[in-house]
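Chain by chain, the residues:
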Amino acid sequence: MKPTGKYVFFSIIMLVTGFFLSYSYQITKKEAATHESNSQWKQEDGLRSDILSTQKTNRKLNGELKKIQLQIQKRENKLADQEKKSYNLVEDLKKMRKVVGSVKVKGPGIEVTLSDSSYVPDGDNPNNYIVHEEHIRSVIYEMLVSGAEAVAVNGQRISHSSYIACVGPVVSVDGNQYPAPFTITAIGDKSVLEKSLNLSVVSDLVNDGIDVRIATKDDITMDPYLSKEG
Amino acid sequence: MWLPVLALIIGLVLGFLSEIRIPVEYTNYLSIAVLAALDTLFGGIRAHMQGNFEDKVFISGFFFNILLAAGLAYLGVHLGIDLYLAAIFAFGVRLFNNIAVIRRLVISKWSKSRKNT
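Here the protein sequences line up with chains A and B, keeping their order.
Okay, so the first sequence: first residue is 1 according to the working numbering, each after it adds one.
Okay, so the second sequence: first residue is 1 according to the working numbering, each after it adds one.
FYI, nobody ran anything at the bench for these hints, they're computed from the structure.
Since this is a predicted model, take the numbers as computed values, not measurements.
Computed, partial: chain A to chain B, Cβ under 10 Å:
id	residue
1	Lys6
2	Phe9
3	Phe10
4	Met14
5	Val16
6	Gly18
7	Phe19
8	Phe20
9	Leu21
10	Ser22
11	Ser24
12	Thr34
The beta-carbon is built from N, C-alpha and C at its ideal position, and this holds for glycine as well.
Input sequences plus hints: build the corresponding full structure.
Structure (structure tokens):
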């Protein structure tokens, strides 16, 4: 009984000693691990400073980028201005071409037909009852004044250099002769054209003994003016 | 006879497997406890070789030394003096003394046995 109790005590002592030894060994190992983590922390610090320096350079580059973007914006604005100018020029050109008559024009407009009076009183000069070039001219002028973009007589476009002349019983438009009745078409604001014609021109024409017929049309197509003189 | 050896192995395994993390300020106590345990063990071996081994002294010395060392270290921490150094010093000196005595005894035993043959 006595030696067994002694052994038990010895065993307890050995157990405690062994536990202490291995436990302190393990603790030391763990401490080494924490030292490792210390070095890890150092590495982290280095990485952080790297990040900071990178952010600094980033900020610098950002500033440069902003500057460059500002320059680009300026240039773009300039370019847009130029484009606007050129766009306006093209638009003007289109308008001019329409007026000059070198392009095909399509759109709503008005059609005025002038025909010789069918009734000529006996003993009166029939010359007073036919359509003269000045009648056509007055109609064309009125149309142009009222904003017509394109005008044609019997399908022939009138340009800035067109001439209308009376040649005996026919009227010559740029050298092409047309008999009565004359159909004068104009493209533009229908209502404005109609109203302006009705203002005075029509009554004048009627006074001169001419049959006037005005018709508004939604779709008129005019061929371009091709001058014979090249 | 094999029980203490088995207990030592079990203690080693337990120490390796234990996942208890003690705070850093208590590692001093641990080192002192280790020193005290080793000192008592070697003292026991010396006493056994000298023939004046007493298990009561040995067992009580083991626990008393450990407790005393830990108490000294505790006091030192609270007084702001590194008293655990005194314990380490004392245990270290005793450890060396014990090992020197054991070495001398072993050598004398060995030379005696050589003389006999």
